[in-house]
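With the hints as constraints, model all of the structure from the sequences given.
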Amino acid sequence: MTTIPPERAEPPVQDSHKLRQVAEAFGADAARYDRARPGYPGELVERIVTASPGSEVLDVGCGTGIAARQFQAAGCTVLGVEADSRMADFARTTGVRVEVATFEDWEAAGRDYDAVVAGTAWHWVDPVAGAAKAARVLRPGGRLALFWHVFQPPAEVSDAFAEVYHRVVPDSPFDLRNRPPGSALDAYQPILTRAADGIRAAGGFGEPEQWSYAWERAYSRDEYLDFVPTQGNLAQLPGDKLAQILAGTGAAIDAIGGGFTMLVYTPAVTAVRLS
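The sequence shown begins at 1 in our numbering and counts up by one.
Treat the hints with care, as some may be off.
[What the hints assert, rightly or not] Here are the simulated lysine to any residue pairs, SDA-like style, with alpha carbons at most 20 Å apart:
| no. | residue 1 | residue 2 |
| --- | --- | --- |
| 1 | K241 | F161 |
| 2 | K241 | V164 |
| 3 | K241 | Q189 |
| 4 | K241 | Q231 |
| 5 | K241 | D159 |
| 6 | K241 | R167 |
| 7 | K241 | G257 |
| 8 | K241 | T261 |
| 9 | K241 | D29 |
| 10 | K241 | A162 |
| 11 | K241 | L225 |
| 12 | K241 | P170 |
Rather than coming from a laboratory, the hints here were simulated on the basis of the structure.
Structure representation (structure tokens):
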């Protein structure tokens, strides 16, 4: 485990929770999101369950219920909180209980939990207000666990994607050609630091720690092109521009044999509610 140093993230990362129009764009095709987005490492789910005082879990920003179903399979009772009613409706069809609200506005109504988790969602939550609310609804010794996926395709795919994205959307704030050196996980560190800083600022928790898992997933051309539109910077693109990006990316995958193996990092920021 790694203790996260108290550093400040860059302003665009700090303000991501204000971009509600992006956060709520995924529900336009909830079925695709649920189909194309991968689940989380079983080792992470088991570690969170084992490190919590009980099995009642609150899943913040549960989306279509991908993580919630994993915690249910691990023997937990799960309640999801989701701002997008379309995502919540889909999650309910899979057997997940969901209440529709942003976490900041959600009413706990006296309920408390052994773990508060968020899978690829906490960057849409105010980092201090969210951590403060988590502290209020966690039982003593309860665990806050925030985790994400960080995808690192082969250079041939990521470079082609960056080039076609720049060509199709040249005025986008996401300039993928200027990625910092190092791994995709290194580039994601400001989001993890932002979460840890919010936990410290909220109070009521022990020192945040960072856990990390690295694993691989094989993608065919069609599987990856199904996944691409579920990413936040693409969810709001007009259909014609998205089609151009998919065509360029598909051509790059065809050039390397029609498929590839994706390296995936799953980092988690976690802290224990003090007594």
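Taking the hints in turn, this is what the structure says about them:
Of the supplied pair hints, the one linking K241 and F161 holds, its CA atoms being roughly 13 Å apart against a limit of 20 Å. As the CA atoms of K241 and V164 are separated by approximately 10 Å, the hinted pair is consistent with the 20 Å bound. For the hint pairing K241 with Q189, the CA-to-CA distance comes to about 29 Å; that exceeds 20 Å, so the pair is violated. For the hint pairing K241 with Q231, the CA-to-CA distance comes to about 14 Å; that is within 20 Å, so the pair holds.
Of the pairs offered as hints, the one joining K241 and D159 holds, with about 18 Å between alpha carbons and a cut-off of 20 Å not exceeded. Straight-line distance between C-alpha atoms of K241 and R167 comes to about 10 Å, which keeps the hinted pair within the 20 Å bound. Taking the CA atoms of K241 and G257, the gap is about 25 Å. The hint is violated against a cut of 20 Å. Distance hint between K241 and T261 is unfulfilled; the C-alpha atoms sit about 26 Å from each other, more than 20 Å.
The hinted pair formed by K241 and D29 meets the criterion: a straight-line CA distance of about 17 Å does not exceed 20 Å. Taking the CA atoms of K241 and A162, the gap is near 14 Å; set against the 20 Å cutoff, the hint holds. Straight-line distance between C-alpha atoms of K241 and L225 comes to about 14 Å, which keeps the hinted pair within the 20 Å bound. The straight-line distance between the Cα atoms of K241 and P170 is roughly 11 Å, inside the 20 Å bound, and the hint therefore holds.
Hints 3, 7, 8, counting from the list given before, are not met by this structure.
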